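Asks: Sequence:
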Amino acid sequence: MLPYDEDFVGMSRDQLCGVNPKLIDFMSHDRVTLAGAMISLGLCYGLLSVYGSRAGRHWAKVTIMASSFTGFFSFFAFLGYGYFDPFHAFVAAILFQFQLFGLAAPLSALRDRVPPTLREDQPWRTAQWGQLLLIIHAVALFVAGLVIVGIGSTSVFVREDLEFMNTTSAVLAEANPRIIPLVAHDRASFGGMLLGCGLATLLPVLWGFERGRPWLWWMLLASGVAGYGPAIGVHFAVGYTSSWHLAPAFGGASVLGCGLLLSKPYLGRLEINRR
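In this text, residue positions in the sequence shown follow the numbering used here: the first is 7, and each later residue adds one.
Careful: at least some of the hints might be erroneous.
Stated by the list, open to error - Using 20 Å as the maximum straight-line C-alpha spacing, the simulated EDC-like pairs for lysine to aspartate or glutamate come out as follows:
| # | residue 1 | residue 2 |
| --- | --- | --- |
| 1 | K28 | D11 |
| 2 | K28 | E126 |
| 3 | K270 | E126 |
| 4 | K28 | E169 |
| 5 | K28 | E12 |
| 6 | K270 | D127 |
| 7 | K67 | E216 |
These aren't lab readings, by the way, just hints derived from the structure by calculation.
Quantities reported herein were computed from a predicted structural model and do not represent experimental measurements.
Start from the sequences and build out the full structure, keeping to the hints where you can.
Replies: Set out below in structure tokens:
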């Protein structure tokens, strides 16, 4: 809980625990998961900028712009509940200026052009399955983002959430009508980050999946660890261990891992270089 969160709901952390002893744990799980998605997205943008845009690859710049503009959409998704997050607005306003600078900046001259693969060797054949799994994973992230934005903008809670807290939306709203808008803010923001992550991983796999490009492999690995690690870990930390609720996270991590394993021989050596 941040100070302006407490000001909005008009209750302290201890008072919210009095409303429901698991409410703070539930909100922590949402926020840690959101933070993991933001770190994951930041890693994607950083590597796409250094090894993509700076190397003159137009698709990398398009990926960053498409993903980040989609992420900014999440700022508006929760306003219908009446919670205007001042810190969120401040950060979004600052980042949006960098976004515009990046959009206007000229693309560097293309260097280290990778010739197309003309031989159908075993690494290439194996990588086709890896690429397919990585595409499925990225599309699933995007669809999950759409679903979570929809939930965060409407019902806010899913059945497993209410079972974890052993309560109902009506009980929470009766205790304090501003609790649900506060949770909706986190939910819709997380959905927006997943939309951005989906695009940030889908477009490079579609456009930049070429032999000898290990930085792309490392980007997908690092972003996956940064996203799934906190998301899965915090659920066990707070005791929210519903199998049905955690199945998408474990499923997504498994698909990503298999895709990376199959793609590794094709994308390149373990050492990061600029190819």
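Asks: Against this structure, judge whether each hint is valid.
Replies: Hints, one by one, checked against the model:
| no. | hint | in the structure |
| --- | --- | --- |
| 1 | K28 x D11 | 17 Å, holds |
| 2 | K28 x E126 | 55 Å, violated |
| 3 | K270 x E126 | 16 Å, holds |
| 4 | K28 x E169 | 11 Å, holds |
| 5 | K28 x E12 | 17 Å, holds |
| 6 | K270 x D127 | 14 Å, holds |
| 7 | K67 x E216 | 17 Å, holds |
Hint 2 alone, counting from the list given before, is not met by this structure.
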